[in-house]
Amino acid sequence: MSKRENWPADALKAPGAWRSAIEIEQLLESGLAEEHEGAIRVPYANFEAIQSEMPVSLIGAWSQHSPFLLKIDRKSDLGRPDFQYRYTYLLAGKPVHVDRLGYYVQRGSGPEVFLLDFQMYSLVDAMDSFNALGPPEKTPHESWLTFAKVKGCAAEVGAALDSTLNRNDVIIPSTLGLDMREDEDGALTFLPKCAELADEDFHQVFERNAGAERLYSLDRPGLGRVRIVLNDDQHQVLQRMKRVRRVKGDLKERLKRDPVQAFDGIADHIDLPYGDRVIGVGEFPFAPTPRPTNTESTMARLWEKEAAQPANTIGDSERSLHAPGSEQQTGEPQNGHVDGSAEVPGADGVPCEEGTGASEPLRADDARLAGVVGKKYLLIETNEESVRNELVSGAKMASQFAQGLSFERPRALREDRSLRPHQEHGVRWLQTCSQIQGRTGVLLADDMGVGKTVQILTFLAWCIESGKFPGLSRSEPPFQPILIIAPLILVDTRTWEKEMEKFFANEGVIFWPVLSLHGEQLAKLRRDDTAGRETEVGRPILDLNRIQRHKVVITNYETIKGYQHSFAYLKDGVPLWSFIISDEAQEFKVPNTKISHAMKALKTQMHIACTGTPVENRLLDLWNICDALQPGLLSSAREFVAKFENSKAGPSQENSLLELKKTLLFQRPHAYLLRRTKSDVAELPAKSLVKLNCEMSDTEIEAHRSLLSRLRSDSRQSRFLAALHSFVQLYQHPSMLTDNAEDLSAGELVSQSSKLRVVIAKLHEIRGRREKVIIFARLRTMQAILAKVLQAEFQLPVRIINGETKLRGSLSLNKAGLKARNAILHDFQTMLGFNILILSPFVAGIGLTIVEANHVIHYGRWWNPAVESQATDRAYRIGQTKEVSVYLPILRDPSRRVAPSFDERLDLLMDNKQRLAEDFLRPLAPEDELRDELFQDLSAEAARQT
1 MSKRENWPAD
11 ALKAPGAWRS
21 AIEIEQLLES
31 GLAEEHEGAI
41 RVPYANFEAI
51 QSEMPVSLIG
61 AWSQHSPFLL
71 KIDRKSDLGR
81 PDFQYRYTYL
91 LAGKPVHVDR
101 LGYYVQRGSG
111 PEVFLLDFQM
121 YSLVDAMDSF
131 NALGPPEKTP
141 HESWLTFAKV
151 KGCAAEVGAA
161 LDSTLNRNDV
171 IIPSTLGLDM
181 REDEDGALTF
191 LPKCAELADE
201 DFHQVFERNA
211 GAERLYSLDR
221 PGLGRVRIVL
231 NDDQHQVLQR
241 MKRVRRVKGD
251 LKERLKRDPV
261 QAFDGIADHI
271 DLPYGDRVIG
281 VGEFPFAPTP
291 RPTNTESTMA
301 RLWEKEAAQP
311 ANTIGDSERS
321 LHAPGSEQQT
331 GEPQNGHVDG
341 SAEVPGADGV
351 PCEEGTGASE
361 PLRADDARLA
371 GVVGKKYLLI
381 ETNEESVRNE
391 LVSGAKMASQ
401 FAQGLSFERP
411 RALREDRSLR
421 PHQEHGVRWL
431 QTCSQIQGRT
441 GVLLADDMGV
451 GKTVQILTFL
461 AWCIESGKFP
471 GLSRSEPPFQ
481 PILIIAPLIL
491 VDTRTWEKEM
501 EKFFANEGVI
511 FWPVLSLHGE
521 QLAKLRRDDT
531 AGRETEVGRP
541 ILDLNRIQRH
551 KVVITNYETI
561 KGYQHSFAYL
571 KDGVPLWSFI
581 ISDEAQEFKV
591 PNTKISHAMK
601 ALKTQMHIAC
611 TGTPVENRLL
621 DLWNICDALQ
631 PGLLSSAREF
641 VAKFENSKAG
651 PSQENSLLEL
661 KKTLLFQRPH
671 AYLLRRTKSD
681 VAELPAKSLV
691 KLNCEMSDTE
701 IEAHRSLLSR
711 LRSDSRQSRF
721 LAALHSFVQL
731 YQHPSMLTDN
741 AEDLSAGELV
751 SQSSKLRVVI
761 AKLHEIRGRR
771 EKVIIFARLR
781 TMQAILAKVL
791 QAEFQLPVRI
801 INGETKLRGS
811 LSLNKAGLKA
821 RNAILHDFQT
831 MLGFNILILS
841 PFVAGIGLTI
851 VEANHVIHYG
861 RWWNPAVESQ
871 ATDRAYRIGQ
881 TKEVSVYLPI
891 LRDPSRRVAP
901 SFDERLDLLM
911 DNKQRLAEDF
921 LRPLAPEDEL
931 RDELFQDLSA
941 EAARQT
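Numbering (this note's numbering), first residue to last: 1 to 946.
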């Protein structure tokens with residue numbers, strides 16, 4: 001079942017079977033399914049990711065989306081052992097009987113099966129799980145936990161709660177702060193505060209009783225009662241505060257100077273020390289990003305989703321997409337995940353009153369509240385509008401001239417491994433910058449494939465040996481570790497560890513012990529006294545002492561975001577990390593995103609960012625990376641945009657770029673940024689670009705003209721994305737317009753596509769040379785078509801890797817997914833002679849080295865030349881020994897009835913963008929420019945068509 005070739009031939013001929021086979025492989029490769037006793041098992045826990053991220057039809061093949069609403073009632077009062085949830089499914093406002101199995105529900109004995117969405121499933125599953133508990137298990141503690149989730153989910157799905165449940169709230173303080181009040185006679189009193197309550201309200205209930213309580217009740221006139229529930233640690237904090245009431249004299253002065261001494265042993269539960277850029281803890285402050293005069297929106301939607309409606313219609317389903325010229329300002333990038341949530345309400349009817357001690361307290365950090373309670377992120381100085389003067393002064397001091405050091409080769413570098421001249425220069429540059437007073441970061445922007453990783457590791461080995469960094473060089477722990485942050489795929493595939501083992505003596509022992517900190521390892525390093533997520537409890541939950549037993553810690557960006565309190569913590573006032581390395585630093589290029597803020601909250605002696613694409617669509621990408629490295633160097637975001645992004649094309653823009661390079665000390669020994677390309681430094685074989693002429697058939701020409709007719713009849717800009725998407729589909733394969741590809745045989749698919757026939761002919765030539773080829777295709781439907789056709793044509797299993805690393809965070813490569821992906825790569829790389837591998841251009845953007853292939857085909861081109869170049873660089877990089885051929889199949893009409901074709905237009909625009917971006921600091925034209933130009937060209941052609 002896991003591989004297509006293992007399916008019975010007749011089974012694959014059944015309607016929808018080929019698509020199901022492809023989807024099973026995709027689910028296994030992504031780690032969202034697993035083989036179990038000869039079958040394929042998809043855990044319900046993975047349904048959320050599948051529903052939200054992947055166009056997989058299997059889980060909904062025999063069902064339709066649930067139309068039901070919920071009405072929630074109760075039996076008895078929360079906290080009593082006989083309490084139960086009673087809920088009713090509603091359809092058109094009327095109760096209906098429904099049976100549930102996991103995500104699936106069935107109405108009575110009817111034949112229809114319905115699929116619940118994630119929020120509705122979470123709600124009913126929480127209630128059913130609680131109702132199934134026995135009376136002894138229905139403790140007040142368990143009741144509060146479940147109700148917090150129930151009420152949060154109910155709000156999300158619009159479920160109706162009974163009046164008692166609805167009018168009461170519970171506040172679970174994420175952290176406690178300290179207020180110090182001096183009375184008129186000078187006496188000092190400690191009082192608590194938290195972000196969720198007004199200070200006067202918390203003070204009132206705190207001072208009501210002589211002792212500290214675990215549960216407080218606060219009556220709000222006209223709003224009902226709110227209950228404040230504290231965990232054990234917070235209760236201890238309040239007990240200590242109760243001891244400081246009306247204190248005078250010398251003790252008062254000592255407590256004012258150092259209030260933390262009153263909380264000896266539990267201070268981390270009240271006041272957490274972070275770097276000087278962190279200004280507080282609270283909900284993530286979404287804010288618009290400063291934009292240049294020519295604002296950009298997105299074209300990625302053309303490619304990110306297969307059309308939900310019939311692809312050849314230009315209809316209302318695209319209304320929500322932005323038309324040319326419209327502005328779209330958001331606090332998160334399009335591939336990010338905005339997960340802010342509302343404050344969690346609570347319950348009434350708890351059978352105990354304040355101070356009785358009869359109710360078990362609800363722990364604010366219980367894991368089952370994940371995703372429900374208000375989030376508590378580290379809040380930072382964003383430097384969006386202005387920058388502190390001391391940061392600007394510090395950047396100026398760090399920019400003073402420094403003579404370049406001579407290259408010092410670390411002893412740990414293997415004798416049989418020699419660095420190339422450009423790599424020695426890169427190490428020398430890092431050694432120089434590390435000795436500059438006030439220098440806190442640099443950017444290694446070498447082109448992909450020239451060896452950034454080995455340069456950084458050589459520098460770090462030198463740092464360990466030199467003794468210049470005592471926290472790193474000591475022989476025994478605790479260390480001040482090196483933190484390496486990389487995309488998840490690089491962590492999963494041990495990219496950094498493999499380079500250590502390859503280039504350094506005794507398998508890289510100089511870096512030992514090395515900790516790969518993600519996934520299951522995170523659970524092992526949690527402190528015993530904590531539970532839940534850091535962004536909910538608002539304090540570190542990782543055991544920092546155990547982390548400091550390692551010299552190198554390797555983790556991914558999602559882990560940094562999720563455990564930002566731990567990673568940004570200053571232990572005894574000292575940064576936890578000696579060096580921070582951020583690999584593929586474009587991961588945090590967008591300001592005002594959670595990962596960007598988490599990266600800027602980190603504190604270290606020196607932060608080395610590395611990326612081959614520091615500027616993609618906006619020059620502000622570079623500002624944001626540099627703001628994490630050396631804040632103040634490039635001023636505030638608003639000043640940067642006004643000074644550099646708003647420069648008009650021509651001499652003014654050239655002068656701006658020259659001034660920017662001057663600020664970065666470009667090409668000087670002490671530069672903030674070092675950039676070399678493969679053509680500058682690497683000894684690589686030749687690379688040729690071949691544009692494959694694919695002559696359109698009469699059917700394809702008429703389909704193009706038909707789309708133009710539809711566009712002419714309805715040329716409103718609000719429909720433009722649907723129109724462009726239809727052209728994208730037609731020019732990849734005509735069957736994508738009618739959504740019937742899975743019903744066609746391999747021969748029928750070939751007969752319908754001129755482009756596919758030309759590609760197959762080229763593949764036969766490559767097979768004759770017994771060489772390997774990578775085919776990049778963005779749309780999953782096209783990937784499946786290619787796999788089906790090429791497997792039939794060449795009688796070999798054609799595998800697909802499309803599990804983009806940005807999908808599903810830490811779920812994107814669990815053990816099963818990693819094993820499946822590695823098996824695909826291993827088979828491709830080790831098989832002798834001709835072979836084909838299909839990749840998404842995005843999964844290929846990072847982490848994969850496939851120099852065994854020396855042919856690359858871009859089938860259905862991505863609009864961004866940088867993405868296309870990065871994909872090609874999977875094969876064209878250090879280690880490649882053969883000449884590399886890159887093929888661009890381009891449909892054209894030999895009769896010139898369609899002239900230029902959509903492919904020809906896109907190719908011309910891509911060429912122009914690439915030429916404009918030859919300077920790596922010159923961003924590619926904004927997305928809108930290419931998108932609007934394509935749409936305007938097509939609209940003009942439609943108007944001319946008779």
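Hints listed in this document are in silico derivations from the structure and should not be mistaken for laboratory results. We put the beta carbon where it would ideally sit given N, CA and C, even for glycine. One or more of the hints may lead you astray.
Claimed, not checked - Estimated spans, in silico, between C-beta atoms of each pair:
1) Gln239 - Lys819: 48 to 56 Å
2) Gln64 - Asp680: 42 to 50 Å
3) Arg220 - Glu37: 49 to 57 Å
4) Ala899 - Ala92: 28 to 36 Å
5) Gln435 - Asp680: 20 to 28 Å
6) Glu883 - Arg388: 47 to 55 Å
7) Ala160 - Ala287: 30 to 38 Å
8) His97 - Ala287: 42 to 50 Å
9) Glu37 - Pro470: 50 to 58 Å
Going down the list of hints, with the structure as the test:
| no. | hint | verdict |
| --- | --- | --- |
| 1 | Gln239 - Lys819: 48 to 56 Å | holds, 50 Å |
| 2 | Gln64 - Asp680: 42 to 50 Å | violated, 58 Å |
| 3 | Arg220 - Glu37: 49 to 57 Å | holds, 55 Å |
| 4 | Ala899 - Ala92: 28 to 36 Å | violated, 55 Å |
| 5 | Gln435 - Asp680: 20 to 28 Å | holds, 26 Å |
| 6 | Glu883 - Arg388: 47 to 55 Å | holds, 53 Å |
| 7 | Ala160 - Ala287: 30 to 38 Å | holds, 35 Å |
| 8 | His97 - Ala287: 42 to 50 Å | holds, 48 Å |
| 9 | Glu37 - Pro470: 50 to 58 Å | holds, 55 Å |
When held up to the earlier numbered hints, the structure conflicts with 2 and 4 and fits the remainder.
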